[in-house]
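Participant: Listed below, chain by chain, are the residues.
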Amino acid sequence: MALRTELRSETAPVRRVRPTLAVLERHLVLYRRLWQASVFSSFLLPVLFLLSIGIGVGSYVGRVQGVDYLSWIVPGVLASTAFQIAVGESTYSVLGDFKWVRAYHAMRATPVGPVDMVRGHLLYLVLRVTIAVAAFLVVVVFFGGLHSPWALVTPLVCALLTVSVAAPVTAFAASIDHDSYFSLLFRFVVIPSTLFAGVFFPVEQLTAVLRPLAYASPLWHAVELCRAATLGRDTAWPVPVHAGYLLAWAVAGLFLAVRAFRRRLED
Amino acid sequence: MSAQPLIYARGLVKRFGEFTAVDGIDLEVAPGEAFGFLGPNGAGKSSTMRMIGCVSTPTAGELRILGMDAVREGPRIRARLGVCPQLDNLDPDLTVRENLVTYARYFGLSRAESRRRADELLEFVQLSDRANGKVEPLSGGMKRRLTIARAMVNDPDLVLLDEPTTGLDPQARHLLWERLFRLKQRGTTLVLTTHYMDEAEQLCDRLVVMDGGRIVAEGSPRSLIETYSTAEVVELRFPGMPEAGARHAAALAGVGKRVDPLPDRVLVYVDDGDAALAEIHRRGLEPSSVLVRRSTLEDVFLHLTGRTLVD
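Heads up: the protein sequence lines correspond to chains A and B, in order.
Numbers 1 to 267, taken from my numbering, label the letters of the first sequence in order.
Numbers 1 to 311, taken from my numbering, label the letters of the second sequence in order.
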């Protein structure tokens, strides 16, 4: 009996790769119709941001922590782009696929299970984010914004950040019944995170009261990792702590998301 | 192998909190059969269908689909089912063909095979000319046909249709019936729920009537009519009808097997309509209108589940 259980848990992930990829494929087919719109928000907008804030504001700010302001905010804009895509694509579209399109109900009638649905969705976001981040990095090279070959690991950091924020937000979207909750999420979580997570200024500038909020946000940890990578220097805290914190959010989020999908599709 | 039922249920129960939707039903559906669940709203038809489709876990009882346990082998069973749900859940942003191809991929079909199946099925449901169009502008009947095509994409052993023609206009219904009849002729096992008697008579070899979560009758459409109704029904209207109804009904006692006074007419269940009419005239009754018709499943249904309106 114990042997059988063991065999099962060994073969299960292998068997489940295909349904996950099928879910990913649906997202990609849908994306093929919408990609023009997303090019603006996930690529042009960050570049415009970089130009206006990095160069425009930067000429007044001067140097921050020993580098020019543009180089300093590149990793911040990079990580926050990943953050925006991850959150934005895990709200209305997830709720919609339960409530209006009922695409998840359609999948439920096939061998595709809740685990595949969650994994397919997150895989799609990782793909989207990686492409957006890579394109952004190429532009940044021309502005001399990268100072270390370690910059090559930033897409990996952004991929991890994507899972660690998209998974819990997906769980949230799958648990609610009305989209008005999303405006609360954006107002009280997403916008403060973006403003105070070390994207535009060092968190040391924050009062001691607010600083723990930055530390709690997965975005700050990803920004720290990206900044260390593009500038070729040490992170605020040890790398395993930053990465471990992101991983913890990712694992907890995955667990909650699968549970939320299962509950919503049962009965 | 062929003797094994595709659906086997014993004491099947589904409860939602305090509410019992399905209250201990027994079922067997053989390969190649067209089987129907007939019943008013809230009778437990859809809950039963969802358990058979392995998307809802039975509260109690045994349920085996295609010889496998419905609770433990859900994914393996679903791989061989085709499901047409009551609520359309097509992808409105995808084209008609993309809807079929992405769905085929959920079953692990190769890309080439998915495309081949999609084109073949679009032909079958007469939507080939809309293949590259969006789903959104399709009519209700077209969407329903597309959903049925989607349910066929994995070449299922068992097709589940939950109220397949509800909300469709007569032309769309007849076209759909004709397609479903073809499936049946090919030997596909169909299980459907409906509250349309004509649909059940058209499509089902055998059906059960459900009411209040239980099976109240079972048999072929013809045998149900023979058991619970009579060969013919005489419908009589009298002047001054609602008030005079009871008096006329009393005067009709013994003419047929059963007399059913309704607000607007009196139904007399008889074996021979003409003989009954002769008897009615002999008794000196003068109805303002007379209709002799064959008994239908509707008579059975109303007899078994009552005339109270269920919403």
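Quick caveat, the hints were computed from the structure, so don't treat them as lab data.
We treat Cβ as the ideally placed atom computed from N, Cα and C, and that holds for glycine.
It is possible that some hints are incorrect.
[Said to hold, decoys possible] Taking beta-carbon pairs under 7 Å as the criterion, some of the chain B residues facing chain A (in silico):
hint, residue
1, 73
2, 75
3, 198
[What the hints assert, rightly or not] Distance windows between CB atoms, simulated:
hint, chain 1, residue 1, chain 2, residue 2, range
4, A, 263, B, 222, 36 to 46 Å
5, A, 186, B, 131, 47 to 57 Å
6, A, 252, B, 75, 52 to 62 Å
7, B, 186, A, 130, 40 to 50 Å
[Said to hold, decoys possible] Which stretches of chain B does chain A cover? Using the computed rule of at least three CB atoms under 8 Å from a CB of chain A, they are:
hint, stretch
8, 24-36
9, 231-237
Participant: Now, for every hint given, state plainly whether the structure supports it.
Facilitator: Checked hints:
1. 73: 11 Å, violated
2. 75: Given a least distance of 4 Å, the restraint on residue 75 of chain B holds.
3. 198: 27 Å, violated
4. A:263 x B:222: 36 to 46 Å: 45 Å, holds
5. A:186 x B:131: 47 to 57 Å: Once the Cβ atoms are compared, 39 Å apart, the range 47 to 57 Å for residue 131 of chain B and residue 186 of chain A is violated.
6. A:252 x B:75: 52 to 62 Å: 26 Å, violated
7. B:186 x A:130: 40 to 50 Å: Since residue 186 of chain B and residue 130 of chain A have Cβ atoms about 47 Å apart, the given range 40 to 50 Å holds.
8. 24-36: Not satisfied, violated; 0 residues make the cut.
9. 231-237: violated (count 0)
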